[in-house]
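Each chain is listed here by its residues.
There are 2 protein chains.
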Amino acid sequence: MFGNYPTKLPQEISFLLLPRFSLIGFSSLVDPLRWANTISGKELYTWKNLSLDGKPVISSDRMSLLADAAVDEVPQTEMLVVCAGYDPQLYVTPQLTGWLRRQASHGSIIGAQDTGSYILAVAGLLNNYRATIHWENLNSFAEEFPKVKVVDDIFEIDRNRFSCSGGLSGLDMMLHLIQCQHGQDLAAAVSEELIYSQRRSAEHPQRLSLQARLGTTNLKLISAIKIMQRTLEQPLTIPELAAEVHISDRELERLFRKHLKTTPGAYYRALRLEQARRLLQQTSQSVTSISVACGFSSSAHFSRCYLAQYGVAPSKDRQA
Amino acid sequence: MFGNYPTKLPQEISFLLLPRFSLIGFSSLVDPLRWANTISGKELYTWKNLSLDGKPVISSDRMSLLADAAVDEVPQTEMLVVCAGYDPQLYVTPQLTGWLRRQASHGSIIGAQDTGSYILAVAGLLNNYRATIHWENLNSFAEEFPKVKVVDDIFEIDRNRFSCSGGLSGLDMMLHLIQCQHGQDLAAAVSEELIYSQRRSAEHPQRLSLQARLGTTNLKLISAIKIMQRTLEQPLTIPELAAEVHISDRELERLFRKHLKTTPGAYYRALRLEQARRLLQQTSQSVTSISVACGFSSSAHFSRCYLAQYGVAPSKDRQA
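Residue numbers (this note's numbering), protein chains in the order written: chain B, 1 to 320; chain S, 321 to 640.
What the hints contain is simulated information worked out from the structure, not anything from laboratory work.
All values derive from a computational prediction rather than experimental measurement.
Note that the Cβ used here is the ideal one computed from N, Cα and C, for glycine as well.
Hints may be right or wrong, so weigh each one.
Claimed, not checked - Derived EDC-like pairs (lysine to aspartate or glutamate); straight-line CA-CA distance at most 16 angstroms:
(1) B:K220 - B:E253
(2) S:K368 - S:D407
(3) S:K540 - S:D505
(4) B:K261 - S:E571
(5) S:K581 - B:D185
(6) S:K328 - S:D373
Unchecked claim - Here are some, though not all, of the chain S residues that point toward chain B, as calculated from beta-carbon distances under 10 angstroms:
(7) E332
(8) R479
(9) P525
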């Protein structure tokens, strides 16, 4: 189980780096382990990097990292984290899923960073497990893998599977691991070395609060936007929306103009187009079904709005 | 100046990676730039990695990163960040300081990550500038470079020099850069992609609050420890300390036992030994002068306490 005291020290953690992995996401996992060793003066953890072919792997910010071995050279791992970034689907092969399933059958504790959850799900290793993924991918992930219990926490531990949503969330997850295995004092000391003062629990929301993101605390405005976010597929009219938050249409228009320099209608449409863009780039749904899922009355209307917003037709925007 | 809108886009940032740099520290600087490009759909930033000899550089957690060029192959940088970790003094050569000074005289905006500030200070590039460094190195840094205006913030911007204290603080600094140049909305969107919900301003303290670190909110206990931290060189007696926080010796003993499972005397001594260890490993002060600076009445007593705490004599613990 994740977090149990290991049967022997050091605990060895293998990181499988897929091309275009996130360097900050990966280093958020590794650096706390190194600090745990340094501070405790003991070799609590050791780690190795695996790549698909044993060659260096290039991160999403174009850094080349050397690998210690190719997956095929490593028959058995003790604890494994699959680190992936953009386009994980490009790297799923029968060889890889076979190797991952063998790790699971050997009893490896298996986890994922960012879109690594997609890889594990394809291999069937998250069926009936709780797991998370980056918030941009949550909808498409839940849709594609109904057997996975998808949660939107920053990280999720479920028995011998674990996942974190990406970016800095891996740091919170590894601090949790260190705390479970070696105590609160060591986890706090690692945080301090990493100048990380606001450690978060698993349930912390992935995204900024609307208040923080928009830089406003107007409750009527926040409520209106939350309703918009929940009704992307079947948008309300602006009068219906105003009625929901108990203000006049005119007052709603005024709030959007004052705080966001736009109109409620334009803001609503931009949210629906953002969602459409995510679905286009992350799923294989047709343009027509995406236009319906984002509340557009016709594909032609959707395509016109999309082109105006992003300068490219939806059909051409499928490989970002 | 750091944060001014660049004269042309993309702005090019060069990272000089010294051996044993911190991978999480470096990626905290680069990944926000990559996201700023992706989210805006424009090439706002571009970056390259430099190493001393053009060969791959090995981070403190033993990751090998390829370099784009050796410093000597790059006559002029637009913006430069020196990323260093353990033992920066091992990599300061006349060639390097000469190259750095030439960058400054060409008008490069020059900054440092973690102990990179040490390198810039040796080159004289921080004289009369405000700068920060990792909290473990603050004391020795201020002592060695009296012309640098040393501050203990998480990052510090002063005209065309900038520095961050290490770990995650570089992320806050780069979000500040993105916000200054391209607005709050883009900085907030980058934060969200990186699952970083609690962005900090420059003045945020580097270390956890004592409350958070110790997991206690007892004000008498916190006050007593703060007094200990300020009096490492001339420690008070326990009765003096108890009087300072207006409780009895017995009550002070009880608080330490209850919350920290130790005695006030043992806790105080551990703090002084920690400070001694930092000075041993980061300065060339003699063991005798360090024992005095940490409030020990004799070097022999200091050496005995140190050996008991760390299992090694102070004179043998100078290269960790």
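Okay, the hints, checked on the actual structure:
1. B:K220 - B:E253: Status holds; Cα separation ~12 angstroms.
2. S:K368 - S:D407: Violated, because 23 angstroms separates the two Cα atoms, which is more than 16 angstroms.
3. S:K540 - S:D505: 43 angstroms, violated
4. B:K261 - S:E571: Distance ~59 angstroms between K261 (chain B) and E571 (chain S) Cα, so the pair is violated.
5. S:K581 - B:D185: 12 angstroms, holds
6. S:K328 - S:D373: Answer violated: K328 (chain S) to D373 (chain S) is near 29 angstroms, above 16 angstroms.
7. E332: This interface hint is violated because 14 angstroms lies over the 10 angstroms limit.
8. R479: Check failed: Cβ of R479 (chain S) comes no nearer than 23 angstroms to chain B, outside 10 angstroms.
9. P525: 7 angstroms, holds
Hint compliance for this structure: hints 2, 3, 4, 6, 7, 8 are not met, and every other hint is.
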